[in-house]
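From first to last, the protein sequence lines stand for chains F and V.
Numbering-wise, the first sequence is residues 62 to 213 according to the working numbering.
Numbering-wise, the second sequence is residues 62 to 213 according to the working numbering.
The hints are simulated quantities; they were obtained by calculation from the structure and are not laboratory data.
Treat the hints loosely; a few may be bogus.
[Unchecked claim] Computed list of chain V residues with no C-beta within reach of chain F, every gap over 10 angstroms: (1) K77; (2) P82; (3) E91; (4) R127; (5) A182; (6) R199.
[To be verified] Think about it this way: if two alpha-carbon atoms lie no more than 30 angstroms apart in a straight line, the pair counts; the simulated BS3-like pairs of lysine-lysine are: (7) V:K207 x F:K140; (8) V:K208 x V:K173; (9) F:K77 x F:K167; (10) F:K167 x F:K207; (11) V:K140 x F:K155; (12) V:K167 x F:K207.
Quantities reported herein were computed from a predicted structural model and do not represent experimental measurements.
Note that the Cβ used here is the ideal one computed from N, Cα and C, for glycine as well.
2 protein chains.
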Amino acid sequence: MPFDFLACPACGAQVKQYKNPLPTVDVIVELPEGIVLIERKNEPFGWAIPGGFVDYGESLEHAAVREIQEEISVQLEEKDLRLLGCYSDPARDKRSHNISTVYVAKASGTPKAGDDAAAFAIFPIDALPEPLCFDHARILSDYRSKKKAGTI
Amino acid sequence: MPFDFLACPACGAQVKQYKNPLPTVDVIVELPEGIVLIERKNEPFGWAIPGGFVDYGESLEHAAVREIQEEISVQLEEKDLRLLGCYSDPARDKRSHNISTVYVAKASGTPKAGDDAAAFAIFPIDALPEPLCFDHARILSDYRSKKKAGTI
Numbered sequence: 062m063p064f065d066f067l068a069c070p071a072c073g074a075q076v077k078q079y080k081n082p083l084p085t086v087d088v089i090v091e092l093p094e095g096i097v098l099i100e101r102k103n104e105p106f107g108w109a110i111p112g113g114f115v116d117y118g119e120s121l122e123h124a125a126v127r128e129i130q131e132e133i134s135v136q137l138e139e140k141d142l143r144l145l146g147c148y149s150d151p152a153r154d155k156r157s158h159n160i161s162t163v164y165v166a167k168a169s170g171t172p173k174a175g176d177d178a179a180a181f182a183i184f185p186i187d188a189l190p191e192p193l194c195f196d197h198a199r200i201l202s203d204y205r206s207k208k209k210a211g212t213i
Numbered sequence: 062m063p064f065d066f067l068a069c070p071a072c073g074a075q076v077k078q079y080k081n082p083l084p085t086v087d088v089i090v091e092l093p094e095g096i097v098l099i100e101r102k103n104e105p106f107g108w109a110i111p112g113g114f115v116d117y118g119e120s121l122e123h124a125a126v127r128e129i130q131e132e133i134s135v136q137l138e139e140k141d142l143r144l145l146g147c148y149s150d151p152a153r154d155k156r157s158h159n160i161s162t163v164y165v166a167k168a169s170g171t172p173k174a175g176d177d178a179a180a181f182a183i184f185p186i187d188a189l190p191e192p193l194c195f196d197h198a199r200i201l202s203d204y205r206s207k208k209k210a211g212t213i
């Protein structure tokens, strides 16, 4: 169903709006001790790779750097982002059809709670917490496979 | 500017709509003689990698297979799509902020004009036509580099 409806603020009539999938980015931030995951404050509850929506007029790389700064106060460089993959199953997020482009980036320094932050923690890739939200278990499984193969 | 406005069909008032970048896919279709490019019938004129918009509720891979069927009547398999990269510079398409996820896929058979088709032709990767639309010269340069390095 590629349409939904907005209410006209003047007369209340329904106004048809074309719907597209929503671009998002997630970033697997690599620290010497492991990767950073966020504990979500809202549904779906559980652990998630930090990330968020891409703004209109903003590149994927810009969104990735901005979201990581906002969520865990870690400054990344666009040039250091490595593309892991794109995840677009319409069922991957029950809230809306969100397409995630997932990057991996090495970071230094110590994360701290940013403006948007819930709790975060650092996990070795072979000792991840449960539950993982959305399709993040699959994404992290792909990450682990590529990491072990030396291809990311 | 993350908003634009729709006109209410009942009273003509302006209705604010949140804008997101629009997900698209492009596919570099590899045939024994070269890759398939489309000659665009509308502005911007020139040669382009076949592709199009991703529908709400449709995965990137599904959109890639569907667009190639519609544009050049070539049947691809989702499992044969290899991810080349994601191109999201807001200036890459003057019409709107379109984010392209670009795949590469080997194909057999003979393309023919599909429902949406303009002219198409097959080009060896070292003898591409001009002008190439959007940022497709950059995408094809990345493709050629990765092809020569054996990484795609």
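Checked hints:
no. : hint            : verdict
1   : K77             : violated, 8 angstroms
2   : P82             : violated, 5 angstroms
3   : E91             : holds, 20 angstroms
4   : R127            : holds, 13 angstroms
5   : A182            : holds, 29 angstroms
6   : R199            : holds, 13 angstroms
7   : V:K207 x F:K140 : holds, 18 angstroms
8   : V:K208 x V:K173 : holds, 26 angstroms
9   : F:K77 x F:K167  : violated, 44 angstroms
10  : F:K167 x F:K207 : holds, 15 angstroms
11  : V:K140 x F:K155 : holds, 25 angstroms
12  : V:K167 x F:K207 : holds, 23 angstroms
Comparing the model with each numbered hint stated earlier shows that hints 1, 2 and 9 do not hold.
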